[in-house]
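Q: These protein sequence lines are chains A and B, in that order. To convert, count from 1 in the first sequence and add 305; that's the working numbering. To convert, count from 1 in the second sequence and add 1408; that's the working numbering.
Source of the hints: derived by calculation from the structure; they are not laboratory data. Hints may be right or wrong, so weigh each one.
[To be verified] Pair ranges (Cβ atoms, derived): (1) 1729/B <-> 396/A: 31 to 37 Å; (2) 396/A <-> 1692/B: 27 to 33 Å; (3) 346/A <-> 1463/B: 32 to 38 Å.
[To be verified] Counterexamples of contact, computed for chain B against chain A with all Cβ distances above 12 Å: (4) 1442; (5) 1667; (6) 1692; (7) 1768; (8) 1782.
Built from N, CA and C at the ideal position, the CB exists for glycine as well.
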Amino acid sequence: MLTLNCPYCGVDADETDLHGEGEAHLKRFGPNSTDDEFHDYLFQRQNPKGVHFERWRHVYGCGKFFHAARCTATLEVFGTYLAQTLEPPQDIKDKITAKRPSWTWGNFS
Amino acid sequence: MDIGTTRRVSLFFAAHATKIHKTPLTFLKGFATMKRYSAFAVAREAMRHHTGWGRAWAKPTQPKKKYDAIIVGAGGHGLATAYYLGKNFGITNVAILEKGWLGGGNTGRNTTIIRSNYLQDPSAAIYEKSRSLYETMSQDLNYNVMFSPRGVIMLAQTQSEIRGYKRTAHANALQGVKTEWIEPARVKELVPIMNIDGPRYPVLGGLWQARGGTARHDAVAWGYARACSDMGMDVIQQCEVTGVRTSGGKVVGVDTTKGAIDCDKLGMVVAGHASVLAEKAGFRLPMESVALQALVSEPIKPCMDVVVMANTVHGYMSQSDKGEMVIGGGTDGYNNYTQRGSFHHIEETVRALVETFPMIGRLKMLRQWGGIVDVTGDRSPILSKTPVDGIFVNCGWGTGGFKAIPGSGWAMAELMAKGESPLTDEYNMFRFREGKFIDESVAAGVAH
Ligand SMILES: Cc1cc2nc3c(=O)[nH]c(=O)nc-3n(C[C@H](O)[C@H](O)[C@H](O)COP(=O)(O)OP(=O)(O)OC[C@H]3O[C@@H](n4cnc5c(N)ncnc54)[C@H](O)[C@@H]3O)c2cc1C
Ligand SMILES: [Zn+2]
């Protein structure tokens, strides 16, 4: 079972206490965006075999949304971090780089 | 009285009966040693201790320098695509490249439910085409795929499901797909082991497709591989495509773990790995890959000769010819490429089914496994041209593409050979941009 540490309440939460909420750091496009931007925002998804960033929600705990950095090829968890950020914090990126030196994801690396 | 068994037995003989060889001789040039299976062959081999069977398909280890068409992925869909490229369009200079072993992806991991009771017209067209091709697949391929049209019930256990399935039954009537709404008493008659009285989710009726059923998954892959090999195509295993080469916006070849290979056309048919492969060709796909699990019980005597799906409680079950209860549920909740899932999904599925089938509470479960399924935004597949000239993609079958193998192969071959197919038109990857979804989130509500 997947276990993620909730960065808000500090609990190591089991997957059954959590809910996956999909790709992290999506930029919202709406009125006045181009068709391409709107399409990509709604439907295109990062679907990497490897390093991935996701939103999760501690539904049966504190109820808050947070972010997780995981590897979809091994299920290894690199770390979790707060939701109030537009990109992964440097310490998380460093942890990933230590294990997957050439990783990239969207505009991050 | 197990009608299902009788049907299965007669099917077995039908598939093994001697057939007149209709395949044009040119198809035999590639692999001249292939023997046709027949009642006579069984008798002949019985007389000589089964020493004369020979290999079912050739096993080339090295690819040629160039093919007219390369198919990536030797699952059911890739193999069926190659088969119909040869059979319907005479394109036989074809390689099917597989990174693992043939049929080792979702095709060899699925619970084999075959049905065509979807809601939308494009779905009815391709799924019913597919179901009807299953009816004669054993004879067409001269390979017993054990298609068993034993009937599929989708249970209605809430008021909204009643309305939903009645609507589907009406839609199916207009589409020419034979399904009907049945009342609880009929459900009980078809499946005596079912508890239809609840307490949580009483059975309120069901959508019944009498010619839905199951087939042997490995045999479908093997039957197509044998037929492809027979036409002179190369099915090359342990050959992973690691790069896609293009020139001036057109595909020219692929890089593989067995070296570079050139091609005029490339078909990507790799299910859960479609995004990964698309990225190598420089485009993206609107889908995500997640684990879907299944499990089987110890084998028991025949107790249920139809397939039952219960979408509200997220579980479905059928009994294999070996006697195992084959059980599946919903997908796991996050992106995953590991071909294994979380245990609590198994627990949820079984917990739900135990209420409706109390007798399975006494069964031991033998094994459990997972596959990586490719899920799109509208739960419908993608069969499409791509931004790269000469590259075609077939993916997004998600939790329910086994039933679609022959129809998808038929349509994909037409798309690759002619550049268009009436069966694939609406399944293009650009439909999301225009909001032209083929919304099957109800029909595909539970994995199957
Ligand atoms: C547990 C489970 C239960 C299911 N139950 C049902 C059911 O009851 N009914 C139903 O209709 N459907 C069901 N499905 C869905 C069905 O299995 C799939 O939709 C279908 O098998 C997909 O076939 P495919 O040929 O597209 O993919 P696959 O069989 O997965 O074949 C794709 C192949 O591509 C290969 N590949 C990937 N990347 C590369 C590369 N770079 N180079 C070379 N080869 C590569 C893989 O190794 C794989 O063999 C189920 C799926 C699962 C996992
Ligand atoms: Zn919390």
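Q: Hint by hint, note whether the structure agrees.
A: Now the hints, each set against the structure:
1. A hinted range of 31 to 37 Å is violated for the C-beta pair residue 1729/B and residue 396/A, which are about 56 Å apart.
2. Our hint of 27 to 33 Å for residue 396/A and residue 1692/B holds, since their Cβ atoms are close to 29 Å apart.
3. A C-beta distance of roughly 52 Å is found between residue 346/A and residue 1463/B, which places it outside the suggested range of 32 to 38 Å.
4. Against chain A, the non-interface label of residue 1442/B holds: every CB pair exceeds 12 Å, the least being about 37 Å.
5. Here residue 1667/B stays apart from chain A, with its beta-carbon at least about 23 Å from theirs, past the 12 Å limit.
6. Its closest Cβ contact with chain A, about 5 Å, brings residue 1692/B to no more than 12 Å, contrary to its assignment away from the interface.
7. For residue 1768/B, the shortest C-beta to C-beta distance to chain A comes to about 23 Å, beyond the 12 Å cut-off, and the non-interface label holds.
8. Look at residue 1782/B: its CB is around 9 Å from the nearest CB on chain A, not clear of 12 Å, so calling it non-interface is violated.
The structure fails to meet hints 1, 3, 6, 8 from the earlier list, while all remaining hints are met.
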